[in-house]
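Each protein sequence line maps, in turn, to chains A and B.
Numbering-wise, the first sequence is residues 1 to 739 according to full-length UniProt numbering.
Numbering-wise, the second sequence is residues 1 to 132 according to full-length UniProt numbering.
No lab work stands behind these hints: they were computed from the structure.
The C-beta atom is built at its ideal place from N, Cα and C for all residues, glycine as well.
Treat the hints with care, since some could be wrong.
Said to hold, decoys possible - Some chain A residues flagged as far from chain B (calculated, every beta-carbon gap over 10 angstroms):
{"hint": "1", "residue": "Trp355"}
{"hint": "2", "residue": "Glu372"}
{"hint": "3", "residue": "Asn535"}
{"hint": "4", "residue": "Val657"}
As the list claims (entries may be wrong) - In silico DSS-like cross-links for lysine-lysine, where the CA-CA straight-line distance does not exceed 25 angstroms:
{"hint": "5", "chain 1": "A", "residue 1": "Lys727", "chain 2": "A", "residue 2": "Lys703"}
{"hint": "6", "chain 1": "A", "residue 1": "Lys587", "chain 2": "A", "residue 2": "Lys573"}
{"hint": "7", "chain 1": "A", "residue 1": "Lys139", "chain 2": "A", "residue 2": "Lys123"}
{"hint": "8", "chain 1": "A", "residue 1": "Lys351", "chain 2": "B", "residue 2": "Lys125"}
{"hint": "9", "chain 1": "A", "residue 1": "Lys533", "chain 2": "A", "residue 2": "Lys462"}
{"hint": "10", "chain 1": "A", "residue 1": "Lys351", "chain 2": "B", "residue 2": "Lys124"}
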Amino acid sequence: MGLGLLPSRFSRIPANRLFLRSIVSNSHRQSPEAAAAAVPPPEPTPDLPPRTPVAGARVHFPNPDDAIEVFVDGYPVKIPKGFTVFQACEVAGVDIPRFCYHSRLSIAGNCRMCLVEVEKSPKPVASCAMPALPGMKIKTDTPLAKKAREGVMEFLLMNHPLDCPICDQGGECDLQDQSMAFGSDRGRFTEVKRSVVDKNLGPLVKTVMTRCIQCTRCVRFATEIAGVQDLGMLGRGSGEEIGTYVEKLMTSELSGNVIDICPVGALTSKPFAFKARNWELKGTESIDVTDAVGSNIRIDSRGPEVMRIIPRLNEDINEEWISDKTRFCYDGLKRQRLNDPMIRGSDGRFKAVSWHDALTVVAEIVHEVKPEEIVGIAGRLSDAESMIALKDFLNRMGSNNVWCEGNGPNPNADLRSGYIMNTGISSLEKADVFLLVGTQPRVEAAMVNARIRKTVRASNAKVGYVGPPADFNYDYEHLGTGPQTLLEIVEGRHPFFSTISNAKNPVIIVGAGLFEREDKDAVFSVVEAIAKKGNVVRPDWNGFNVLLHNAAQAAALDLGLVPESNQSIVTAKFVYLMGADDADLDKIPKDAFVVYQGHHGDRGVYRANVILPASAFSEKEGTYENTEGCTQQTLPAVPTVGDARDDWKIIRALSEVAGVRLPYDNFGAIRSRIRTVAPNLSSLDEREPATFGFSVKPESNQKMSSTPFKAAVENFYMTDSITRASKIMAQCSAQLLKK
Amino acid sequence: MAFRLTGLKVSPNSATLEEARARVFDFFKAACRSIPSIMEIYNLHDVVTESQLRSSVASEIRKHAQVSNPKVIDLLLFKGMEELGNITEHAKQRHHIIGQYVVGGQGLVQDLSAKDQGNSDFLKKFYNSNYF
Numbered sequence: 001m002g003l004g005l006l007p008s009r010f011s012r013i014p015a016n017r018l019f020l021r022s023i024v025s026n027s028h029r030q031s032p033e034a035a036a037a038a039v040p041p042p043e044p045t046p047d048l049p050p051r052t053p054v055a056g057a058r059v060h061f062p063n064p065d066d067a068i069e070v071f072v073d074g075y076p077v078k079i080p081k082g083f084t085v086f087q088a089c090e091v092a093g094v095d096i097p098r099f100c101y102h103s104r105l106s107i108a109g110n111c112r113m114c115l116v117e118v119e120k121s122p123k124p125v126a127s128c129a130m131p132a133l134p135g136m137k138i139k140t141d142t143p144l145a146k147k148a149r150e151g152v153m154e155f156l157l158m159n160h161p162l163d164c165p166i167c168d169q170g171g172e173c174d175l176q177d178q179s180m181a182f183g184s185d186r187g188r189f190t191e192v193k194r195s196v197v198d199k200n201l202g203p204l205v206k207t208v209m210t211r212c213i214q215c216t217r218c219v220r221f222a223t224e225i226a227g228v229q230d231l232g233m234l235g236r237g238s239g240e241e242i243g244t245y246v247e248k249l250m251t252s253e254l255s256g257n258v259i260d261i262c263p264v265g266a267l268t269s270k271p272f273a274f275k276a277r278n279w280e281l282k283g284t285e286s287i288d289v290t291d292a293v294g295s296n297i298r299i300d301s302r303g304p305e306v307m308r309i310i311p312r313l314n315e316d317i318n319e320e321w322i323s324d325k326t327r328f329c330y331d332g333l334k335r336q337r338l339n340d341p342m343i344r345g346s347d348g349r350f351k352a353v354s355w356h357d358a359l360t361v362v363a364e365i366v367h368e369v370k371p372e373e374i375v376g377i378a379g380r381l382s383d384a385e386s387m388i389a390l391k392d393f394l395n396r397m398g399s400n401n402v403w404c405e406g407n408g409p410n411p412n413a414d415l416r417s418g419y420i421m422n423t424g425i426s427s428l429e430k431a432d433v434f435l436l437v438g439t440q441p442r443v444e445a446a447m448v449n450a451r452i453r454k455t456v457r458a459s460n461a462k463v464g465y466v467g468p469p470a471d472f473n474y475d476y477e478h479l480g481t482g483p484q485t486l487l488e489i490v491e492g493r494h495p496f497f498s499t500i501s502n503a504k505n506p507v508i509i510v511g512a513g514l515f516e517r518e519d520k521d522a523v524f525s526v527v528e529a530i531a532k533k534g535n536v537v538r539p540d541w542n543g544f545n546v547l548l549h550n551a552a553q554a555a556a557l558d559l560g561l562v563p564e565s566n567q568s569i570v571t572a573k574f575v576y577l578m579g580a581d582d583a584d585l586d587k588i589p590k591d592a593f594v595v596y597q598g599h600h601g602d603r604g605v606y607r608a609n610v611i612l613p614a615s616a617f618s619e620k621e622g623t624y625e626n627t628e629g630c631t632q633q634t635l636p637a638v639p640t641v642g643d644a645r646d647d648w649k650i651i652r653a654l655s656e657v658a659g660v661r662l663p664y665d666n667f668g669a670i671r672s673r674i675r676t677v678a679p680n681l682s683s684l685d686e687r688e689p690a691t692f693g694f695s696v697k698p699e700s701n702q703k704m705s706s707t708p709f710k711a712a713v714e715n716f717y718m719t720d721s722i723t724r725a726s727k728i729m730a731q732c733s734a735q736l737l738k739k
Numbered sequence: 001m002a003f004r005l006t007g008l009k010v011s012p013n014s015a016t017l018e019e020a021r022a023r024v025f026d027f028f029k030a031a032c033r034s035i036p037s038i039m040e041i042y043n044l045h046d047v048v049t050e051s052q053l054r055s056s057v058a059s060e061i062r063k064h065a066q067v068s069n070p071k072v073i074d075l076l077l078f079k080g081m082e083e084l085g086n087i088t089e090h091a092k093q094r095h096h097i098i099g100q101y102v103v104g105g106q107g108l109v110q111d112l113s114a115k116d117q118g119n120s121d122f123l124k125k126f127y128n129s130n131y132f
């Protein structure tokens, strides 16, 4: 085994060198015989210094008495009872090669790559499936273990095609890496390789099933995490193959994750196929803005082009998954982009002008209208910097009619607990009863839904749902469709009320779609009454949550983007749309002057008189707050398109041309302005819980209508200007949406 | 070569900063002395005055005011002498001189209208590019 250096042994090499250096002196080097005589024989004690666990894994002991001690390569480690041999090795800092094992999926034990030697065991054991027993002596580095791995590699490569040069996984392929590390240097294979028919899994996942090594990670992901029974194992022996049982597409909002978990090139990204090699790409750690979850992503770019988006690990938000919308929306960043400032001429056509001219025109007109006729609407993808700039600018012009779309006509920005997810996404796992009010988390926030599904699977939590018929991938009880059901629950007439009040950690999730309702306050006060009676909010547990839809919503409410009057749009003469495409554009009067600042030629542009091109989330530094109140920031991965500028810079420049110069000239200055308004937005990557609950909220005397709740998201794949411009998202909505 | 300047040659390295500094002044004087003939060669009388050219040379030198390494100063001096030699030898054309020393680095298009005079630094950079 010429290349037989275990990756995990790299960590040991410096230690060995240190050891050598300490005993070899100059005189010894000159006379080796004397050195051999002088140096005492090496002690039989472990040659290994204490090692750090793989990937910084931390061990949690649920019960300190249940700790057992095992020896990994002679090094003793303490692990809780119930750990597998594999986990014990990880704690000891030994990285065991694996294909089928994945820490977030159930154990299959079918790839046999993780074979290790255990003393007094006649055969090598599959460490991922073997529970660790007290005093077990595990050897990961013996000739037997190495030979076993080499044998497994040989069997795996027997039917694996030698097409690495044309395989998209090349360079980030587990099979490639491990055959370099553990495989044999020659093959003994002369017969014909097996071939398997490719399956059509839809527009997102490309399959080359001949490359599959039957690790069944994708099957387990689909059934366990995604909750769809689409994939399965067919046939036996050499006829074994992964596929959909019948000719069917994979219809899950998380299907893209099978690309990441596939250890070989059997499942790869269809839009990314043959586009780039992974070593050509520059990764930028950023945040997803297509929903309010704020999934952590890495934007891989080559030159000025975003090539792909892949997830980043964040246990508190998205674990290691992202939704298909997040992963595949990037081709929307290349289409329908606005690249020059434009003014609509008298013939109704747009004419490209310079920034100077565009800003001068806007500044002149904004001075011609009365202050109360100025309206500003922030879009669903706006960052906190641009929203505070927009609010400051309009306030200096004398208007306070500024809001963020999706927050409804009469938002509650006073009590932070009334618009964020107070429980926190990761704490949803502790819940045992869920009450979903007017929210369909599967389409509104796929990662939150995955968390709820995880909880339901792990602890058999009960889910009650009030709203229109919807698609769930876990067991739920449909309680009703409208506010009437909520009244029944609060009065104790509904059996679900006792479920809530008997629960240990009940959770109520209210959808942000309710913000648009006329009787919003009444509905919220009923939900709060349920929370009060069901003991949902306690000092040690806050189970009252609002699930927002858009990346900008939480920050907008934190910054106080609340309109002065909710009829201002009807009387507006000057409307500033900052990426707002889903506002009520029909309500804007015909004679109003509309400025659209944004990155896509979407709905807002049709009504606009002036277009100011801005940068998209992949091109700017921006602060976003997710639905649980965690502040995160995007970083620029690619340069801006054409003559576009960052959002806050445009407003800052416009304010100066209009004669009401805003006092911030750089990013640091605008951040400190945000800090004075909403201090929680300045602590990045931290979740800031709300201080006050709804107990301090004044009583609402609004009348509740009996209109049933509506579905908030019609098309999961197309919710904002980027995803609406995306071709892949259009294909998905055509093929995958259930009709 | 009729226009070759006398006294322009590569000298040994300056030993100290003072020596280098003195050489810079010598070079500046040599350049100033050749300005009348440069005006003549390239027919610059209607576009620029002698004093403007002098201050242009001075600003080229001041660009490197922060350099304190005598070796670097020597190198820059060498490049300056080469440039001066090329100019006095008529190795350049008229638009080279106008482009480099008369119009300068600001380019030919200069918006000197009164309305932009009061703009802040931010706005000037904003009109120029997104990255600042």
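Each hint, compared with the structure:
| no. | hint | result |
| --- | --- | --- |
| 1 | Trp355 | violated (5 angstroms) |
| 2 | Glu372 | holds (28 angstroms) |
| 3 | Asn535 | holds (53 angstroms) |
| 4 | Val657 | violated (7 angstroms) |
| 5 | Lys727(A) - Lys703(A) | violated (44 angstroms) |
| 6 | Lys587(A) - Lys573(A) | holds (12 angstroms) |
| 7 | Lys139(A) - Lys123(A) | holds (12 angstroms) |
| 8 | Lys351(A) - Lys125(B) | holds (24 angstroms) |
| 9 | Lys533(A) - Lys462(A) | holds (18 angstroms) |
| 10 | Lys351(A) - Lys124(B) | holds (23 angstroms) |
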